[in-house]
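**Q** Listed here are the chains, written in short residue letters.
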Amino acid sequence: MSVKFKPSRILFVASIVFYVFIVLGILLTVVLNSLSKGWFSGVLPPYLTTEWYAYAANDHDIPSLLGVTFTVVIADVLISLLIAFPAAYVLARHEFKGKALLLSAFLLPMIVPPMTYGLPLAMLAYKVHIAARVIGVVIVNLVPIVPFMVLVLLPFIEQVGTNLESAAKMLGANRWTIFRRVLVPLTVPGILTASILSLVKAISMFDLTYLVAGGNSQTIVVALYADAYAAGARPPQAVDALAVLYFLIAMTCLIIALKFVSPTQMVFKLK
Amino acid sequence: MRGAAGRGIVPLLIPALIFLVLLFLYPFAYGLFLSFTSAKGQFTFGNYLRFFSDARDFRTILVTLQISVPVTLFNVALAVPFAYYMRRGIKGERIITFFLIVPITLGTVLISEGMLTFMGPAGWFNQLLMALHIVKDPFQFTHNYLGVVISLALQGFPYAFLMLLGYVSGINPDLEKASQMLGANKWQTFWKILFPLMVPGIAIAFSLNFVMAFSVFPSAVLLGQPSGPTRVIAIAAYQWAFEKFNFNAASAISMVMAAIELIVISVVLVWRNRMYKGATMVGKG
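Read top to bottom, the protein sequences are chains A and B. One rule links them: number in this note's numbering = place in the first sequence (from 1) + 186. One rule links them: number in this note's numbering = place in the second sequence (from 1) + 212.
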């Protein structure tokens, strides 16, 4: 690293700058376009306006979209935690036959793309009449989140030694007390990490939601896709206004998340 | 590792098992069952025969592979040197990883939506290319094959890169030092020491990237030509299910999708095992 201008360094920096230019460019055009009027050419729009936000607010039931989005995301994180934490606890503490098999079964929903199992899942959801309802959206989105949580929680629980649990047991605490007073407080960092990572993941989940959502159970992403799909039905600037709303929510969550976790934790990891 | 917790905690697995069976295994089995039944509920191979004999549907396999294989190779091939370069950490690492994680967090729909304007005929990207005299007229980046590929690269590359970064930074730096002390140059050290150790990470990054790219849906619709050149297999499955309401035909297509993904992942794993065996031999050698 003593030589400043090695070709590899130049190539690396140039590629990163190019990538950042594209990502920033995409985001900035979305924001600027949503505020623009008569922007057909040139670097910047000739006029700025907020009318597309009014248009989008008129076009969509924004409170419902926001309500559904947050309900789905929060409910999914909480329910997943309730399912995943006990499972991760057993997997961390207990050796049993078929453990490896069970672990790979948990991995499957993360490796198989939502479109493959999502279609039959959506058909079942329609059959039992939970499709096109918020509860249906919550339930189907559990599928990729629960395994993800198990995997994130597992190392955190393994890290907490069994000594404290044994000590508590010797002092006469029952299993529930140990769980509540020893294990949960010690795994708070893990619970926090898993919840935040799942939250960020859940906001952008499209495929499964799209397959079961309808009417009043649409999340913002699905509404955005539907708008972009029906290009021509409304001005593109109004679609971008909705995109900005979604962008703000996802970005806020990401920035909060990055206070607690590192970006490399956000991608799937396997030992 | 029985420790304080004994057999008594096993019932804590029950919620997760119910979840797994009810929401994943059962739907999958249901899909498999539907794919082998006719609309009247009789056993048939008809859904598969129909898919493979319908030129328009059968073509989707080729179309999807033509999109997903090159883009996955590109993402992983690019991610390996980048992860290698950043293995010890560099200045501004946080900000770089931030920009890499943004497209993943925002999701395909927003990225595709934004690309339509940014890379459209009057967008900034074309303006820049024209200002630099790289192209004379606006280049067509959207509503074609290229648009879908670019969107998959924008999201797939960071994914592969961050995964590999986790891998490569976990490799003991002493190995590299030892190799250099024994007289190997950087190139040899990379190919003989680091690369073999990265193979499992590369295999997983490739598999996940491929699976993501192969099931591409929203960006193929928004950025491609969903009626023809980018009518990917997921679009075919969706159309049979929710436009023609033939769930049996749709299930057969999603099973074909799953099978192809399984085949590709198996091939990658076989490659991994071959390469990785080589790695241990190098270690012993």
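Some hints could be false.
[Unchecked claim] In silico lysine to any residue, SDA-like type, Cα no more than 25 Å apart, as pairs:
hint, chain 1, residue 1, chain 2, residue 2
1, B, K456, B, A470
2, A, K285, B, L474
3, A, K445, B, A289
4, B, K398, A, K313
5, B, K348, A, P231
6, A, K313, B, K252
7, B, K303, B, P282
8, A, K192, B, I302
9, B, K398, B, A289
10, A, K445, B, L474
11, B, K303, B, V281
12, B, K303, A, Q451
Just so you know, the hints here were simulated from the structure itself, not pulled from any lab data. All values reported here derive from a predicted model rather than from experimental measurement.
**Q** Each hint: holds or not?
**A** Structure-based check of all given hints:
no., hint, verdict
1, B:K456 with B:A470, "21 Å, holds"
2, A:K285 with B:L474, "22 Å, holds"
3, A:K445 with B:A289, "31 Å, violated"
4, B:K398 with A:K313, "60 Å, violated"
5, B:K348 with A:P231, "22 Å, holds"
6, A:K313 with B:K252, "16 Å, holds"
7, B:K303 with B:P282, "31 Å, violated"
8, A:K192 with B:I302, "15 Å, holds"
9, B:K398 with B:A289, "18 Å, holds"
10, A:K445 with B:L474, "37 Å, violated"
11, B:K303 with B:V281, "33 Å, violated"
12, B:K303 with A:Q451, "20 Å, holds"
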